[in-house]
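Student: Read off the chains here:
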Amino acid sequence: MLYDAGKIIAGLVIFAAFFTVPFWYGSDKTSEMPKLELTAKAKQAGQCVEPKEQMRQNHMQLLDDWRDAAVRDGNRTYTNSAGKSYTVSLQNTCMDCHANKDKFCDRCHGYMGVSELYCWDCHLDPTKEKNLWASTDGNS
Amino acid sequence: MGFDRREFIKIAGLSALAGLGSRAAFELLGPGELEATSVSYAAKESALTAKRWAMVIDMGKCLPEAGCKDCMERCHRIHNVPDFGNPKDEIKWIWKEAFAHAFPEQESEYLAEHLHHEPFVVLCNHCAHPPCVRVCPTKATFKRKQDGIVTMDMHRCIGCRFCMAGCPYGSRSFNWRDPRGKNAQGEPFLKEINQEYPTRNKGVVEKCNFCVERLAEGKIPACVEACRHGALVFGDVADEHSEVRQILREHYTIRRKPELGTDPSVFYIV
Chain A
1 MLYDAGKIIA
11 GLVIFAAFFT
21 VPFWYGSDKT
31 SEMPKLELTA
41 KAKQAGQCVE
51 PKEQMRQNHM
61 QLLDDWRDAA
71 VRDGNRTYTN
81 SAGKSYTVSL
91 QNTCMDCHAN
101 KDKFCDRCHG
111 YMGVSELYCW
121 DCHLDPTKEK
131 NLWASTDGNS
Chain B
141 MGFDRREFIK
151 IAGLSALAGL
161 GSRAAFELLG
171 PGELEATSVS
181 YAAKESALTA
191 KRWAMVIDMG
201 KCLPEAGCKD
211 CMERCHRIHN
221 VPDFGNPKDE
231 IKWIWKEAFA
241 HAFPEQESEY
251 LAEHLHHEPF
261 VVLCNHCAHP
271 PCVRVCPTKA
281 TFKRKQDGIV
291 TMDMHRCIGC
301 RFCMAGCPYG
311 SRSFNWRDPR
321 GKNAQGEPFL
331 KEINQEYPTR
341 NKGVVEKCNF
351 CVERLAEGKI
361 PACVEACRHG
371 ALVFGDVADE
381 HSEVRQILRE
391 HYTIRRKPEL
401 GTDPSVFYIV
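Chains as they are written, first to last, in the working numbering: chain A, 1 to 140; chain B, 141 to 410.
Hints in this document: simulated from the structure, not taken from any laboratory.
Errors might be hidden in some of the hints.
As the list claims (entries may be wrong) - As a list, the in silico DSS-like pairs of lysine-lysine whose alpha-carbon atoms are at most 27 Å apart: (1) B:K236 x B:K201; (2) B:K331 x A:K128; (3) A:K128 x B:K322.
As the list claims (entries may be wrong) - Not everything, but these chain B residues come out facing chain A in the computed CB check (under 7 Å): (4) S180; (5) A182; (6) K184; (7) D293; (8) Q335; (9) E336; (10) P338; (11) R340; (12) A356.
To be verified - Not close to chain A: a few residues of chain B, all C-beta gaps over 12 Å, as computed: (13) F143; (14) S155; (15) E185; (16) R192; (17) L251; (18) P259; (19) Y337; (20) I360; (21) I409; (22) V410.
Beta carbons: idealized from backbone N, C-alpha and C, even for Gly.
Chain A on its own, in the form it takes in the complex (with noise of 0.2 Å):
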């Protein structure tokens, strides 16, 4: 007993294409999830700061952190868990051993679609070239 059966089914049919369109206009194409390189140096040292599924899970939580130590409270030396020391600082200590930005950081943020990070508006990226970046135009 459907009243203008002709008409709801139609615009049903409507409607599932239209809401499936994502699925249909990417079937062509797969993503696949970005492996993880490390620059000799990263391999050398074996582990990051923390162990490996520690900062896969936490690592933003970790530059928070680190970020209002040494800029907040003037604390930039960190000890880990395991009693090891580093200097607290992005560019100088994090960089000095993934300094293949673009793989270790971009390709992994850019997949899990959070690319939108700005911490290279001000911190120097060691992947580029010195004043390389000063030939984008940023004549504004």
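The hints should help you fit chain B onto chain A, whose structure is shown.
Tutor: Frame of chain A; chain B shown alone:
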């Protein structure tokens, strides 16, 4: 079946107890992995510390060296301070100012002749009562409790420029342009880059930070280190045995606009 209020409250209470005692609740409310680990933050052992950092500028040593810009050049190079080539957009950490502008209340027609024309070295005064800190809506500018340095957390600056209006010394500069950009002739605003210090981006305010990043490593401020004539002396003004206190005891010194009650930490021997 009857189900009165009393029965309902009993069951609800028991359910709540069971829920709180479950494993899931413990995992949710218990301390996380990162919090539970025993990490610690501390200042470096080699760091220079003081109760109140201050600077004495001996103009008797500075003024004869007209044209010397060692302190400014070193500071601006180390901190990646851009040169926009335009006084309106100028970024100033340490710069030169005419006596009448640096000490307007001391200016008089009959001032010693040479002072009328000679430039004074000026920088952030790292006031004990900094107006820039009071007006900052995000606490991006703050006074360090441990040593009185007025510094900035660039991550928090929203570029509102209240601090520039608040500072009576013009010690704060706004980045109207991208410091990483280039001028009309294609020359970068930053001729050289210190890879160990960040730049700023367009739309934030910046200022002298008394080299907090160098003090943390046990180095004195860049301008003091760069001055070949010994005109800049840096030290703890709260320590009565320090060199700055010694100098302050022996010389008549003035400070910029002390009548405003900001209590500056930069002293001048005229």
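Student: Decide, hint by hint, whether the structure agrees.
Tutor: Evaluated hints:
1. B:K236 x B:K201: Distance of about 15 Å is within 27 Å: holds.
2. B:K331 x A:K128: Given that 27 Å is the threshold and the Cα spacing comes to 16 Å, the pair holds.
3. A:K128 x B:K322: Measuring from Cα to Cα gives roughly 17 Å; hence the hint holds.
4. S180: 5 Å, holds
5. A182: OK, holds: B:A182 within 7 Å of chain A, min 5 Å.
6. K184: 5 Å, holds
7. D293: 5 Å, holds
8. Q335: Given a least distance of 6 Å, the restraint on B:Q335 holds.
9. E336: 6 Å, holds
10. P338: With a minimum Cβ separation of about 4 Å from chain A (threshold 7 Å), the hint on B:P338 holds.
11. R340: With Cβ-Cβ at 6 Å, under 7 Å, it holds.
12. A356: Holds, because the Cβ-Cβ distance from B:A356 to chain A comes to roughly 5 Å (cut-off 7 Å).
13. F143: Nearest chain A Cβ is 39 Å from B:F143, so the label holds.
14. S155: For B:S155, whose nearest Cβ neighbour in chain A is about 32 Å away, the distance exceeds 12 Å, so it holds.
15. E185: 8 Å, violated
16. R192: 14 Å, holds
17. L251: Holds, since 41 Å exceeds 12 Å.
18. P259: Label holds. Min Cβ-Cβ 30 Å, cutoff 12 Å.
19. Y337: 8 Å, violated
20. I360: 16 Å, holds
21. I409: The claim holds: B:I409 sits with its nearest Cβ about 30 Å from chain A, beyond 12 Å.
22. V410: The claim stands: B:V410 keeps its Cβ more than 12 Å from every Cβ of chain A (closest is about 33 Å).
Violated hints, in rising order: 15, 19; the structure is consistent with all others.
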